[in-house]
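> Using the sequences and the hints, build the whole thing.
Residue numbers (my numbering), protein chains in the order written: chain A, 1 to 412; chain B, 1 to 412.
I should point out that these hints are in silico values taken from the structure, not numbers from a laboratory.
Every value quoted in this text rests on a predicted model; they were computed, and no experiment measured them.
Heads up, some of the hints might be wrong.
The list makes no distinction among identical chains, and a pair is therefore deemed to hold if it is satisfied within one copy or across any two copies.
Cut-off 20 Å, straight-line C-alpha distance, at most; resulting in silico cross-link-like pairs (SDA-like, lysine to any residue) [as the list claims (entries may be wrong)]: (1) Lys349 - Asn228; (2) Lys121 - Ala361; (3) Lys112 - Arg232; (4) Lys112 - Val300; (5) Lys352 - Ser226.
There are 2 protein chains.
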Amino acid sequence: MSPRPGALDGIRVLDFSRVFAGPDSTQILGDFGADVIKVEEPTRGDDARYFGATQDELAAFGGISPSFLAFNRNKLSLALDLGCEAGRSVARRIAANVDVVLNNFRPGAMAKWGLGYDDLKALNPRLVYATFYAYGAEGPLADFGANDLALQAHSGLMSITGDADRPPVRCGTAAIDLHASLGLVSAISLALFHRERTGVGQEVDTSLLLSSAHLMNYFYADYWISGNTHGRMGTANHLSVPNQAFPASDGMVIIIAPNDEMWLRCARALDAAALDRPEFLHSSARLSRRHEVVAALSAVTSRLSCAEIVARLGAVKVNVAKVNDIGEAADHPQLAAVGGVVSYERHGKRIKAVGSPFRMAATPGSVRRPAPEIGEHTDEVLAQFGLSEAEIADYRQGGAFGRIAGAPREPS
Amino acid sequence: MSPRPGALDGIRVLDFSRVFAGPDSTQILGDFGADVIKVEEPTRGDDARYFGATQDELAAFGGISPSFLAFNRNKLSLALDLGCEAGRSVARRIAANVDVVLNNFRPGAMAKWGLGYDDLKALNPRLVYATFYAYGAEGPLADFGANDLALQAHSGLMSITGDADRPPVRCGTAAIDLHASLGLVSAISLALFHRERTGVGQEVDTSLLLSSAHLMNYFYADYWISGNTHGRMGTANHLSVPNQAFPASDGMVIIIAPNDEMWLRCARALDAAALDRPEFLHSSARLSRRHEVVAALSAVTSRLSCAEIVARLGAVKVNVAKVNDIGEAADHPQLAAVGGVVSYERHGKRIKAVGSPFRMAATPGSVRRPAPEIGEHTDEVLAQFGLSEAEIADYRQGGAFGRIAGAPREPS
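Written as C-alpha cells, this is what we have:
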C-alpha cells in the first residue's frame, strides 16, 4: 500500500484486452493509481495465464504463468461471457460508468456486440475508448491476424537482425508488442488530459503495425530519402567501428567508440601498443579497415576478463557493457536501485516483477494488488457499479458470468 | 496544417535532449499540438544531424541525416551555448515559462548549470521536468554512459537474440532507445494530467535501463519465479511449433500455429498429405518432434511462393507474414492506409517519414513544421518569451547564442 497519491487516482478502466500489450498497458495505468477491471472469459480467462509454461511449471506456480504474473498486477478480474447477451449487457452497464475502455479484438467485434465506440459514447460521452489492432482498423491487411513475430517479419526488423551469412533471426523479446503497450498508455493519458481540459472523451488506437513502424522509423526514413536498405551485421552496425560485441576471457562485452577521441581513450586504456596505431586513428579509416580493427581489438579483449574491460573503459567514459544472460540482468543491483523491481505476496508466495517503465516523483507507481484469479472480483465489481442482487441473479441465470449447467448456448 | 485541435495545444516544451529517444518523444508531443523548442549547441547542433550518413549522403540531403529528419519535425530550434552563463540564463528564463522541460544529460549536469529541477521548480512550480538517463539517477551504474547497444547487452536481450550455435547478435533497430521515447511521452502526459487536476508539476524520469527491463519483463519474471534463463533459437521460440520463419520459393515467411486447431488448418491449407499426420496433431507432440515438423513444413513451403503461402494461411486465420526487407516494409500500402506515413516540404524537397505511433480520433497528429536548421528560430523564440532587443543583444554579446569571434571562452 502506497501512502502517496497516484496520477490516475479515481480513474476507472474496463479492460477487455488479452495476452501482452493491452494487459501490460493497463498494469501501468494501475501502477499509477487507476482502478483496472480486467474482463475475462469465465472458463479459461486470459490465454496468457498458460503462456510459456509447461504443465509442471504451471502447477508449481499455482496454475498461472510467469507471463501472466508479469502483466496483471493491480487489477480486479471480472468474469464475463461476451458470447451471450447477458454478459454483453453487464459490460455495457459498466462501460457506461468508467473513464477508459480498452480492447484488442479483431476489427468490428466490439461493435457487433454493441460495445463499439459509437454504442458506448452514446451512454458515456466522456469515455476514452482505446483499441489495439494487429495491422489497424482499415487498409488491405485490416482483417489479417498477427502477433509480435509476424510484425518482426512484416516490418523488416527481422531482415536486419542476425549474421550477414545466415538467414534472419528474431529479436529475442516481443519488443513490438510491448512497445505498443506504451503507445496505448501515451494515447490514453493524452486523451485523459484532453478530456480534463475539454470535458469530452474520444477514440484512440494503435496497432502492432504502427508500433513496428515507430521502432523502424529511422530505417524507413533512410530508405525513403536515400534508397538505403540495410542488412544484417551481427552485433555491429554501419555507423562506426568499434561498435559491437567483443570476446573477453570469460564472456563477451560490447564496446562503442564512435568518435576519434573515444577511440584513442579506448585504445590507450586497453593496450596502447597494440591499438594506438596511426592507421586506426580516424573514424573513416576504422570503417574501411573494419576487419583489421575488430581483429586487433578482439586479440586484446580476449586476454582480459569482462570485469576488467568494463572497469578500464568505464573509467575513461567509453561506452562498454557486459553481455549478460537473463539472470545476470534481472539480478543486477542497478535495476533494483532505480526502483525497477517490485515484489508482493500472492497466495502466501513472494512474487518479484519488473516495476513501471518510468518514474513519477510526486505520484510514484505502487503495487496495491497481486494478479487476480479468473473472476476473483466479479461480485465486488458488480456491487461497485450499483447492480442489485436481483439484477445480478438475473444476469447469472442468463449466463453472464459463465454458462449455467444445462443452459442452452447462444449461437455466436 | 491541420484544422483540428491537438490534445496538447498551448503546451510549451523546452527540449534539451539529443540523439534518438528524447527528440523522438518531443516530436510526438509536437505531432499532437505542443510547441516544442529544441535547444541546440550553436555550432554543431544535435549529433543526430550527422548520424548514419556518409559525407556524400549528407551533402545530398541538404547537410542533415535521415535520422535527424525522422525525429525532429514540428520543432523550433533555439541555438544556445549552455557552456556560458549567458546561455544558461536564457535557458532559465524560458524554462520559467514553459510547461515541460526534457533533458538527457548525465546525472548532475543540469543542476550544475542551475537548470536542475529544484532550480526551475522555484521559478515555475507547475513545471513537468523530465529526464532520460542511461542507467538512472542513482545506484552503482548511475555515472556509467550507455546507448541502445550497451543496454541490449546489459539487459540480456542480446543473449536471447541469434542462432543457438553462434554468438549473440543485436536486435537490428534501436528498440530500447525508441521504447524509452514512449516511456517519456507516457510519463509527461500523465504528469500533465495530474497537473491539470491538482495544479502542481513534478519530476519524472526514465532510462535506457528501465526501458530495457520493460521489454524483458516476462523473461525476468520467468527467471525470478522458475529460474529459467532462455537461450537463442533463431526465429523460433520455446512456446510452440510451428512458430518461426520458413523458406518459400522466393523468400521467407513466418508461420505461427500455436494451438491444435490452427495447426490442422495450416496443415490442410498447405499440403494435407504431407502435414496432416497423427504424430503432429498435438501441440506437445509438435514440441517434442520440433525438427521433424519444421523439416516437413519447410519441404512444403519451399515449393510455394511467399504470396501463395500468405494467401492460403491468411484465408484460414493462421498467423503468417512475409519476411520483408526495409523497402518492402516501408512501402507496403497498409502503413499508409492507417496514417503511418506523413510527408511534408523542406527547402523545396518532399520528405517522407513515419507518422505518430498511435492515433487520436478527435485530436489527430499533424505535421506543422519541417525539421529545423540549427538555431533557425532563435529570434522568434526569444521574442515569444518576451526578451527585449536590448536584452537579446546583451545575451548575444555574452555568447548565449554561440561564441562571438574574439570573445574569451569560459572554462567549462
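> Does each hint fit the structure? Answer for all of them.
Taking the hints in turn, this is what the structure says about them:
Taking the shortest alpha-carbon separations for Lys349 and Asn228, only the inter-copy value of 18 Å comes in at or below 20 Å, while the best intra-copy value is 52 Å. With identical chains, the CA atoms of Lys121 and Ala361 are at most 20 Å apart between copies only, with a shortest distance of 13 Å across copies and 34 Å within one. Taking the shortest alpha-carbon separations for Lys112 and Arg232, neither the intra-copy value of 44 Å nor the inter-copy value of 42 Å comes in at or below 20 Å. In the homo-oligomer, the alpha carbons of Lys112 and Val300 never lie at most 20 Å apart, since the shortest distance is 65 Å inside one protomer and 38 Å across protomers.
When the C-alpha separation of Lys352 and Ser226 is checked against a cutoff of 20 Å, the pair qualifies only between copies, where the shortest distance is 11 Å, while the shortest distance within a copy is 47 Å.
The structure fails hints 3 and 4 (numbered hints given earlier, in ascending order).
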